[in-house]
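Asks: Spelled out from the first residue to the last, the chains are:
Number of protein chains: 2
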Amino acid sequence: MSKITIVDVAKKCGVGVSTVSRVINGHPDVSAKTREKIMAVIRETGFVPNDSARNLKRTDAKCIGVLIKGVTNPFFSPVIDIIEQEIDKHKYALVLRHVEDDQEEADVALELEMEKRLRGIIFLGGGSEQSRIKLTELKIPAVFSTIGASSLEEDGRNAFSTVSVDDRLEARHMTQYLMNLGHRNIAIITEAMGRRSVGHLRLEGYMDAYLERGMTLDEDLIFYVDQYMEHFSVENGYRTMQRMLSAGKEFSAVFCVTDMLAVGAIRAIADAGLKVPEDISVCGFDGMEIGRYINPRLTTIRQPLDQISRETVKLLFDIIESRSSHRHITFPAELCVGESTSRYAK
Amino acid sequence: MSKITIVDVAKKCGVGVSTVSRVINGHPDVSAKTREKIMAVIRETGFVPNDSARNLKRTDAKCIGVLIKGVTNPFFSPVIDIIEQEIDKHKYALVLRHVEDDQEEADVALELEMEKRLRGIIFLGGGSEQSRIKLTELKIPAVFSTIGASSLEEDGRNAFSTVSVDDRLEARHMTQYLMNLGHRNIAIITEAMGRRSVGHLRLEGYMDAYLERGMTLDEDLIFYVDQYMEHFSVENGYRTMQRMLSAGKEFSAVFCVTDMLAVGAIRAIADAGLKVPEDISVCGFDGMEIGRYINPRLTTIRQPLDQISRETVKLLFDIIESRSSHRHITFPAELCVGESTSRYAK
Numbered sequence: 004m005s006k007i008t009i010v011d012v013a014k015k016c017g018v019g020v021s022t023v024s025r026v027i028n029g030h031p032d033v034s035a036k037t038r039e040k041i042m043a044v045i046r047e048t049g050f051v052p053n054d055s056a057r058n059l060k061r062t063d064a065k066c067i068g069v070l071i072k073g074v075t076n077p078f079f080s081p082v083i084d085i086i087e088q089e090i091d092k093h094k095y096a097l098v099l100r101h102v103e104d105d106q107e108e109a110d111v112a113l114e115l116e117m118e119k120r121l122r123g124i125i126f127l128g129g130g131s132e133q134s135r136i137k138l139t140e141l142k143i144p145a146v147f148s149t150i151g152a153s154s155l156e157e158d159g160r161n162a163f164s165t166v167s168v169d170d171r172l173e174a175r176h177m178t179q180y181l182m183n184l185g186h187r188n189i190a191i192i193t194e195a196m197g198r199r200s201v202g203h204l205r206l207e208g209y210m211d212a213y214l215e216r217g218m219t220l221d222e223d224l225i226f227y228v229d230q231y232m233e234h235f236s237v238e239n240g241y242r243t244m245q246r247m248l249s250a251g252k253e254f255s256a257v258f259c260v261t262d263m264l265a266v267g268a269i270r271a272i273a274d275a276g277l278k279v280p281e282d283i284s285v286c287g288f289d290g291m292e293i294g295r296y297i298n299p300r301l302t303t304i305r306q307p308l309d310q311i312s313r314e315t316v317k318l319l320f321d322i323i324e325s326r327s328s329h330r331h332i333t334f335p336a337e338l339c340v341g342e343s344t345s346r347y348a349k
Numbered sequence: 004m005s006k007i008t009i010v011d012v013a014k015k016c017g018v019g020v021s022t023v024s025r026v027i028n029g030h031p032d033v034s035a036k037t038r039e040k041i042m043a044v045i046r047e048t049g050f051v052p053n054d055s056a057r058n059l060k061r062t063d064a065k066c067i068g069v070l071i072k073g074v075t076n077p078f079f080s081p082v083i084d085i086i087e088q089e090i091d092k093h094k095y096a097l098v099l100r101h102v103e104d105d106q107e108e109a110d111v112a113l114e115l116e117m118e119k120r121l122r123g124i125i126f127l128g129g130g131s132e133q134s135r136i137k138l139t140e141l142k143i144p145a146v147f148s149t150i151g152a153s154s155l156e157e158d159g160r161n162a163f164s165t166v167s168v169d170d171r172l173e174a175r176h177m178t179q180y181l182m183n184l185g186h187r188n189i190a191i192i193t194e195a196m197g198r199r200s201v202g203h204l205r206l207e208g209y210m211d212a213y214l215e216r217g218m219t220l221d222e223d224l225i226f227y228v229d230q231y232m233e234h235f236s237v238e239n240g241y242r243t244m245q246r247m248l249s250a251g252k253e254f255s256a257v258f259c260v261t262d263m264l265a266v267g268a269i270r271a272i273a274d275a276g277l278k279v280p281e282d283i284s285v286c287g288f289d290g291m292e293i294g295r296y297i298n299p300r301l302t303t304i305r306q307p308l309d310q311i312s313r314e315t316v317k318l319l320f321d322i323i324e325s326r327s328s329h330r331h332i333t334f335p336a337e338l339c340v341g342e343s344t345s346r347y348a349k
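So the sequence lines, in the order shown, correspond to chains A and B. The working numbering numbers the first residue of the first sequence as 4 and each following residue consecutively. The working numbering numbers the first residue of the second sequence as 4 and each following residue consecutively.
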């Protein structure tokens, strides 16, 4: 029996080829009766639609590896979406790997590099000092996205690219903003990681603001998340704030180094019978969509994730295709004032 | 020059091999002075650490494709994490592709199948009727995760596997819960997709509850999200609720078919000067972590994503390794009462 074509199906049904095509492609503008008739003939004849996508022959797609530090960190969801779309435009496939908080991204990257068709690696999060020596072993280009050059040792500057905001500078801006509202005892919730982690860079920015104003920083106002839970989860923000409230230390404002931590902290403050911002001002960092919808709306630093993500892929392919050497690109972030911070009034 | 070994580095530094190893692996229990000395020798000699991960030789990893319907849907973040970890245990790589709301997952799947080393496909979201004919063309096994068997035509039952909750049944439970609180005019926010979409199944469950109680359903209380925006985004929930409030139709409760829609709806109600749940009860569906932290805490149906994700990978490998034929597995979900719903009191 010769292969059944769309023309055969159309003839058998007494309809035009375009009607059969519309049914196959799920267009709604075909009557139920005609649709059922066509479906019956398709089943009966064993007709296989000839999908145009099949002609692309992407049998040996080259890959870009994407390594994400921190499991279930929703901050990276929109970043991965954009990166995947941009990689797809180059006809590359995206291979995804998560790196747990206690894993070295270098180990995972070197293992992933064994994948023969891998042409480049994008790191989302991470970038610890410890990985540095190992990462210079990578033979394919790597771009750190949302992680700045300052988080890599000098030696690494020509070995990798980075696309990010200036975490330290932006954290200083946020702390200055809280100081300008009259707050003096500003607590911070951050992670206890190496000095090149995002959490540490944002802590340094906070300390810069104190230094700049000649104000004494009470180190007891620096609180670290539980390192045995996911660092930047809502739950960790919640538990850390519970700990802070029971520690009995006075503070009128809290700078959470990520929005997710801030969402948890706000909930813990409410559960303790206190009000945000009347009793405690809370701000975050990242500019995640959810922050604009929670009650109260979150004051935060908005990272231009769209620009960062597109530039990450563009730069990686510029390096792969030898149009560029490694570069370090910094985008300015934006301080977005919500309803979770207010003037100090005690 | 012969290859520099870790023993050479240790000798040059006058320390033990284990100390060099600790520095390479970033352990903190080495003094700064010793650390700097070792780093200097490593740089000087060009020593390359021999990473154990490199011995795995995963040069030709087989792949599992994961197709996600709906860009930036954070509901899938924890699912992808678990799936990636489980796939990794089998020494397979995860290839990720997003399918936009207006794209056919079948087209993307068939294109992805051209990838020679792809051994199976997992669909997250989607599962439209329209894709059915095309999907029977897939030569590798496919498992729909978080999408139930009822969302596939009869013909597809032996062609694919599904692992999910019973969306229609659970949505009926939620609607019954609202009715038991005394609500009569219960609105619903859903998506206007084909009759096999998750949004439609949950709408059917809502209608089942009305039918079962012999109550008349006012079809004007069925509201559809803006289909030109991402369907299940917070923003779409916000905008749809704004539209509902200005439509002037009375309702005392709203069933949002996803938690993200509910978060947006709650914010829109607050911005209109109304209170949740005093003026309008709001509930969601999915059981996302964020729902337990927003104010008020969200009443929702919690899907057992951990079980669903693990079972998805287990079933897929059972089929790949011929230990099972296609199956349809349903897990019970849990109604979690938060603070966003209360007794009808008017």
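Just so you know, these hints were derived from the structure itself, not from any lab. Hints should not be assumed to be uniformly reliable.
Copies of the same chain look alike in the list, so a pair counts if it fits in one copy or across any two.
Using 25 Å as the maximum straight-line C-alpha spacing, the simulated DSS-like pairs for lysine-lysine come out as follows [stated by the list, open to error]: (1) Lys36 x Lys142; (2) Lys278 x Lys40; (3) Lys92 x Lys278; (4) Lys65 x Lys317; (5) Lys317 x Lys15; (6) Lys142 x Lys15; (7) Lys278 x Lys14; (8) Lys14 x Lys36; (9) Lys15 x Lys252; (10) Lys317 x Lys40; (11) Lys14 x Lys40; (12) Lys252 x Lys65; (13) Lys94 x Lys142; (14) Lys92 x Lys65.
Treat the numbers as computed from the prediction; the structure is a model and nothing was measured.
Asks: Hint by hint, which ones does the structure fall short of?
Replies: When the structure is compared with the hints, numbers 1, 2, 3, 5, 6, 7, 9, 10, 12 turn out to be violated.
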